[in-house]
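Number of protein chains: 2
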Amino acid sequence: MKTSLGPKPIVFPMPAFLVATYDENGRPNVMTAAWGGIASSDPPCVSVSVRPSRWTHGAILKNKAFSVNCPSSALAVAVDYVGLVSGRDFDKFKIAGLTAVRSDLVEAPYVAECPVTLECALRSQVDLGAHTMFVGQIVDVKADTRTISLSAEPDPVAIDPLIFASGAYHQLGQALGRAFSIGLSLKKNEPQQDRT
Amino acid sequence: MKTSLGPKPIVFPMPAFLVATYDENGRPNVMTAAWGGIASSDPPCVSVSVRPSRWTHGAILKNKAFSVNCPSSALAVAVDYVGLVSGRDFDKFKIAGLTAVRSDLVEAPYVAECPVTLECALRSQVDLGAHTMFVGQIVDVKADTRTISLSAEPDPVAIDPLIFASGAYHQLGQALGRAFSIGLSLKKNEPQQDRT
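Quick mapping for you: the protein sequence lines, in order, are chains A and B. To get this note's numbering, take the position in the first sequence, counting from 1, and add 1188. To get this note's numbering, take the position in the second sequence, counting from 1, and add 1188.
Bear in mind the hints are in silico, worked out from the structure with no lab data behind them. Any given hint might turn out to be false.
Which copy? The list can't say, so a pair holds if one copy fits it or any two copies do.
[As the list claims (entries may be wrong)] Think about it this way: if two alpha-carbon atoms lie no more than 27 Å apart in a straight line, the pair counts; the simulated DSS-like pairs of lysine-lysine are:
| no. | residue 1 | residue 2 |
| --- | --- | --- |
| 1 | K1190 | K1375 |
| 2 | K1376 | K1196 |
| 3 | K1375 | K1282 |
| 4 | K1282 | K1196 |
| 5 | K1376 | K1190 |
| 6 | K1375 | K1252 |
| 7 | K1250 | K1376 |
| 8 | K1376 | K1252 |
| 9 | K1252 | K1196 |
| 10 | K1375 | K1196 |
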């Protein structure tokens, strides 16, 4: 039986992205963003939503660029910290023990400690009330060499991504099977085609 | 050390949403969408990206409505199946053993078996090449009563959400701490304010 919770911004799972920018003074800044995800395959795009009051908001508009960094579970404390305070007031990279690396491709830093980073050029923005949704075109994905499998795919177990759910951080759990594969077992339920 | 993977649509984690609609014949249809996430808090909005060739694409445009359903890990096979075939050809709800419930609020069904469902009214769309990003305003969230904690929050362990990562499905893993809380331990690293 289902109960109504009213209109709320809740899905499962959510990411705990780190969004990194250069601020109006050229200093690297980083914030946490759970509102976002992949937006298109070709060209590859990602969206992140940021409140207009955030220091990051002006930085994205100024540089037309940002990075989306996927932290490992080991970074949970740092990820939570950079969601608590503003880059107006503090050097969050330094306090959280994170390293800003200048992108060669866009005017944004990325976070060295994150196993997967996306360098993004601002493509479009949608004003949605409390948040502006920024859509970035992904110019490059960089991954730690230790997290790349023999088939050149990022290995989710090696990445050990940080996951956000109902106000708590979690690790990734048990693998259940491959996509575009485990569902094939249900094709037996499809009605038979007329083969005459 | 990081290696470049080129521009690719990859983040960690991704959701494995079920997007449900009524098609042009009024029949319920459902597809899998890993491209999406929360887009704003107020009004609460969610985005899902759908290829123009998909049967769901026309249904969203026709009814200006859809539901976003968050499946539990027990639904992995059904979730994968409804991403493999088209509602043009098959009654995917029936073949996958899923139940369509008519929303009282929007012209879309939701998936009874999913522990958390969002009923959405189409708010805006952004054409991004391979995919159209549909932003839906969340009119209501419905959750299984068994997954609601005493504090009226959805409990991620009870929900047991299905997670998508690098082409594989996973369960949620170990909890690591509360948001807006575990990061407070780093405030000791902040420079001292002048208190004179």
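Hints, one by one, checked against the model:
1. In this assembly of identical chains, the alpha carbons of K1190 and K1375 never lie at most 27 Å apart, being 30 Å within a copy and 41 Å across copies at closest.
2. In this assembly of identical chains, the alpha carbons of K1376 and K1196 never lie at most 27 Å apart, being 38 Å within a copy and 34 Å across copies at closest.
3. Taking the shortest Cα distances, K1375 and K1282 sit within 27 Å of each other only across copies (12 Å), while inside one copy they are farther apart (54 Å).
4. For a Cα distance limit of 27 Å, the shortest separation of K1282 from K1196 qualifies neither inside one copy, at 34 Å, nor across copies, at 30 Å.
5. In this homomeric assembly, K1376 and K1190 never come within 27 Å of each other (Cα to Cα): the closest approach is 31 Å inside a single copy and 44 Å across copies.
6. Neither within a single protomer nor between protomers do K1375 and K1252 lie at most 27 Å apart by alpha-carbon distance, with minima of 46 Å and 31 Å respectively.
7. For the identical chains of this complex, K1250 and K1376 are neighbours neither inside a copy (55 Å) nor across copies (32 Å), given an alpha-carbon limit of 27 Å.
8. Proximity of K1376 and K1252 under a CA criterion of 27 Å is satisfied in neither setting, with 50 Å inside one chain copy and 33 Å between copies.
9. Within a single copy, K1252 and K1196 get their C-alpha atoms only as close as 30 Å, which misses the 27 Å cut-off; across copies the closest is 19 Å, which meets it.
10. In this assembly of identical chains, the alpha carbons of K1375 and K1196 never lie at most 27 Å apart, being 36 Å within a copy and 30 Å across copies at closest.
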